[in-house]
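Colleague: Required output: the full structure, derived from the provided sequences and hints.
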Amino acid sequence: MTENLKSIVQSLNKLLHTDYNIISFDSLSEESLLQLLLDVFLKFGIITVKWDVTENDPDETNKTIMESLVKIQYTDDETDIAALRRGLVRGDKKIIYPIFEWIFENDELIMKLAYLAKFLMPLNLPPEAISIPEVMNLYSQYEIVMEEFKDIHQGYETAVQEGKKTRELRSDSVAIEGEIENVKKRIERLQVRLDKVPQHELLLESAKALRIEKDQQKDLTSQIEEQKQTFQRANVQNERLQKEYQNIRMATQGTTPKQMLDGIMEEGQVLEFMVKQKLPQELLLRQTEVQILEEVIDEPNIGREYLQDLQYKIDEVSREVQRMVETKMNDKSQQNDALGLGPFRQQAMVIARNKDLVAEQLDNLTKELNDIEIQLKEKQHKLESIGGDILLRGEDLKQFVNTLRAKSNIYKQQRSELAGIKAEANDLSETLENLKAQDPSLATITDDDASSLEPMFSRPDSPVESRGMTELSRLVDGLTRAVLGAREKLSPISQQLRPLRERIAELKDECDSKKQEQNIKEFMVIVVVYCATI
Numbered sequence: 001m002t003e004n005l006k007s008i009v010q011s012l013n014k015l016l017h018t019d020y021n022i023i024s025f026d027s028l029s030e031e032s033l034l035q036l037l038l039d040v041f042l043k044f045g046i047i048t049v050k051w052d053v054t055e056n057d058p059d060e061t062n063k064t065i066m067e068s069l070v071k072i073q074y075t076d077d078e079t080d081i082a083a084l085r086r087g088l089v090r091g092d093k094k095i096i097y098p099i100f101e102w103i104f105e106n107d108e109l110i111m112k113l114a115y116l117a118k119f120l121m122p123l124n125l126p127p128e129a130i131s132i133p134e135v136m137n138l139y140s141q142y143e144i145v146m147e148e149f150k151d152i153h154q155g156y157e158t159a160v161q162e163g164k165k166t167r168e169l170r171s172d173s174v175a176i177e178g179e180i181e182n183v184k185k186r187i188e189r190l191q192v193r194l195d196k197v198p199q200h201e202l203l204l205e206s207a208k209a210l211r212i213e214k215d216q217q218k219d220l221t222s223q224i225e226e227q228k229q230t231f232q233r234a235n236v237q238n239e240r241l242q243k244e245y246q247n248i249r250m251a252t253q254g255t256t257p258k259q260m261l262d263g264i265m266e267e268g269q270v271l272e273f274m275v276k277q278k279l280p281q282e283l284l285l286r287q288t289e290v291q292i293l294e295e296v297i298d299e300p301n302i303g304r305e306y307l308q309d310l311q312y313k314i315d316e317v318s319r320e321v322q323r324m325v326e327t328k329m330n331d332k333s334q335q336n337d338a339l340g341l342g343p344f345r346q347q348a349m350v351i352a353r354n355k356d357l358v359a360e361q362l363d364n365l366t367k368e369l370n371d372i373e374i375q376l377k378e379k380q381h382k383l384e385s386i387g388g389d390i391l392l393r394g395e396d397l398k399q400f401v402n403t404l405r406a407k408s409n410i411y412k413q414q415r416s417e418l419a420g421i422k423a424e425a426n427d428l429s430e431t432l433e434n435l436k437a438q439d440p441s442l443a444t445i446t447d448d449d450a451s452s453l454e455p456m457f458s459r460p461d462s463p464v465e466s467r468g469m470t471e472l473s474r475l476v477d478g479l480t481r482a483v484l485g486a487r488e489k490l491s492p493i494s495q496q497l498r499p500l501r502e503r504i505a506e507l508k509d510e511c512d513s514k515k516q517e518q519n520i521k522e523f524m525v526i527v528v529v530y531c532a533t534i
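Position one of the sequence shown corresponds to residue 1 (the UniProt record's numbering), numbered consecutively onward.
Think of the hints as simulated: they come from the structure by calculation, not from any bench.
Incorrect hints may have been included.
[Claimed, not checked] With a cut-off of at most 25 Å between alpha-carbon atoms, the simulated SDA-like pairs for lysine to any residue come out as follows:
#1 Lys14 with Lys43
#2 Lys196 with Glu177
#3 Lys94 with Leu28
#4 Lys379 with Pro492
#5 Lys508 with Asn409
#6 Lys521 with Asn409
#7 Lys489 with Ile421
#8 Lys43 with Asp76
#9 Lys14 with Gln73
#10 Lys112 with Glu162
#11 Lys313 with Thr327
#12 Lys208 with Arg189
#13 Lys93 with Pro133
#14 Lys6 with Lys94
#15 Lys50 with Glu128
#16 Lys398 with Lys514
#17 Lys43 with Trp102
#18 Lys412 with Arg498
#19 Lys514 with Gly420
[To be verified] Okay, the calculated beta carbon distance ranges per label pair:
#20 Arg90 with Ile132: 50 to 60 Å
#21 Met250 with Ile520: 24 to 34 Å
#22 Glu3 with Ser429: 26 to 36 Å
#23 Arg90 with Ser173: 54 to 64 Å
#24 Asn409 with Gly263: 50 to 60 Å
#25 Ser140 with Ser173: 41 to 51 Å
The beta-carbon is built from N, C-alpha and C at its ideal position, and this holds for glycine as well.
Modeller: Structure representation (structure tokens):
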């Protein structure tokens with residue numbers, strides 16, 4: 001809201017040459033806001049006469065504002081006409097601020113609509129005036145002239161657009177001509193340089209022939225690559241077909257035509273049972289469910305009393321069904337006892353139930369098989385997108401895995417060497433820091449480069465040389481003892497750290513090898529699955 005108010009204030013100051021800020025504008029009275037709105041209408045040409053809110057009647061002011069909003073086709077989906085009219089009478093900020101915002105966002109459209117409203121606004125004639133023939137004729141002429149104005153204005157807009165397009169084409173043509181001139185100048189410069197070269201025509205012919213030969217070589221190379229890929233795909237397809245042939249041959253080995261025919265007949269019987277018994281039952285269940293749902297949809301709004309009544313009816317029907325089932329079972333038991341068919345009926349019921357269970361299991365397994373085939377196709381597409389059309393198999397795959405292992409071993413060896421060098425460098429840097437702490441003079445010596453050491457020791461007034469040979473020997477002995485002491489102190493720590501570093505390096509190598517083996521296993525699994533599906 002603050003950003004919108006800020007943009008409104010900036011646009012008002014620019015249009016009306018005022019110096020409002022957000023606080024002063026937001027604290028304006030209702031009459032001042034309406035006056036600003038009318039001043040904006042005047043600047044955009046929506047009204048043609050300066051309107052003073054204090055000198056005119058509020059109803060007239062409201063009428064003028066509403067007519068102006070109609071001219072510029074202002075609409076507010078959140079506010080109806082009556083609320084908009086009441087808000088304008090009160091000078092409500094929630095009504096006026098959106099009007100300001102919409103006007104300043106569509107300033108070009110507002111100017112155009114204000115211009116067209118001068119000629120296209122319909123006249124509100126009373127019924128008494130329309131009944132007069134002369135007035136009716138004039139109104140008809142007014143409508144005809146209005147339609148002519150619409151056609152003329154549309155033609156004007158079309159001409160303006162065509163003029164813009166013409167100017168754009170003209171500027172484009174000028175730019176193209178300039179580019180043509182630049183290209184001509186470059187060609188002339190190149191021609192001058194070319195004329196200075198001896199036998200340039202022969203060189204040009206040779207270059208042209210070379211370019212043709214390179215193009216032909218490129219085409220031949222691409223053809224060779226395509227043929228290689230085609231050959232590899234054909235080999236892959238051949239291997240797949242050979243595997244399928246071997247599998248079929250192994251599956252049919254030792255099988256007689258009679259056995260194959262019996263298997264086909266058995267499969268046909270299963271499918272016949274599914275079609276004649278299982279599917280009609282499922283279809284009947286689905287139709288019953290659809291019918292129940294349609295009845296539920298067609299029912300009116302369900303209340304508590306309706307539900308209680310329905311539950312009471314359901315209970316009565318359930319009791320009646322239970323009673324009828326018991327009666328029927330008693331009758332059947334008596335009849336079966338009289339005829340001796342009880343065991344046979346039970347066996348028939350068990351067989352029918354087993355058939356239904358087997359059919360349901362077959363249906364579930366078929367659905368599961370379809371889902372697995374869909375997942376397998378997705379995995380195949382994913383594998384093709386990762387590895388391309390050509391997949392490594394057999395010896396090529398083994399060679400690729402061996403190459404990966406060799407590179408992994410080299411990487412591990414070099415990384416362990418690098419870790420040892422880093423550890424040794426850390427030990428040396430710690431030793432150097434300890435020596436610098438014991439003798440501060442070493443800090444200045446180690447910070448200088450080799451070129452600065454010679455002049456430092458060659459100066460006659462150097463404090464190091466002025467000490468004499470005895471002093472230097474004593475200093476060297478002290479430094480040697482300090483170095484030996486520091487090494488003795490560091491040696492147990494280094495011995496403790498070295499196995500830890502080696503253990504860390506071994507763990508890192510083992511972790512990397514496990515990761516690499518896992519990646520190789522995943523890749524092998526994907527390849528095996530793809531080969532099995534092929």
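Colleague: Would you check the hint for Lys514 and Gly420, treating anything up to 25 Å between C-alpha atoms as holding?
Modeller: holds, 22 Å
Colleague: Within a Cα-Cα threshold of 25 Å, do Lys93 and Pro133 meet the stated pairing?
Modeller: violated, 47 Å
Colleague: Would the hint linking Lys208 and Arg189 be met if the CA-CA limit is 25 Å?
Modeller: holds, 20 Å
Colleague: Just to be careful, I want the Cα atoms of Lys313 and Thr327 compared with a cutoff of 25 Å; is the pair within it?
Modeller: holds, 21 Å
Colleague: Check the hint pairing Lys379 with Pro492 against an upper bound of 25 Å on the C-alpha distance.
Modeller: Judged against 25 Å, a Cα distance of about 57 Å means the pair is violated.
Colleague: Sort out whether Arg498 lies within 25 Å of Lys412, counting only the CA atoms.
Modeller: Given pair Lys412, Arg498 holds - Cα atoms ~18 Å apart, limit 25 Å.
Colleague: Is Lys14 within 25 Å of Lys43, Cα to Cα?
Modeller: This hinted pair holds, its Cα atoms lying about 12 Å apart.
Colleague: Need the status of pair Lys521, Asn409: alpha-carbon distance at most 25 Å?
Modeller: Holds: Lys521 and Asn409 sit about 18 Å apart, inside 25 Å.
Colleague: Regarding the pair Lys6 and Lys94, is the alpha-carbon distance no greater than 25 Å?
Modeller: With Cα atoms ~15 Å apart, Lys6 and Lys94 stay inside 25 Å; holds.
Colleague: Decide if the proposed pair is consistent with the structure: Lys94 and Leu28, CA atoms, cutoff 25 Å inclusive.
Modeller: Holds: Lys94 and Leu28 sit about 13 Å apart, inside 25 Å.
Colleague: Does the beta carbon distance between Met250 and Ile520 stay inside 24 to 34 Å, or does it fall outside?
Modeller: holds, 30 Å
Colleague: For the pair Asn409 and Gly263, does the Cβ-Cβ distance stay inside 50 to 60 Å?
Modeller: holds, 53 Å
Checked against the numbered hints given earlier, the structure breaks hints 2, 4, 13, 15, 20 and 22 and satisfies all the rest.
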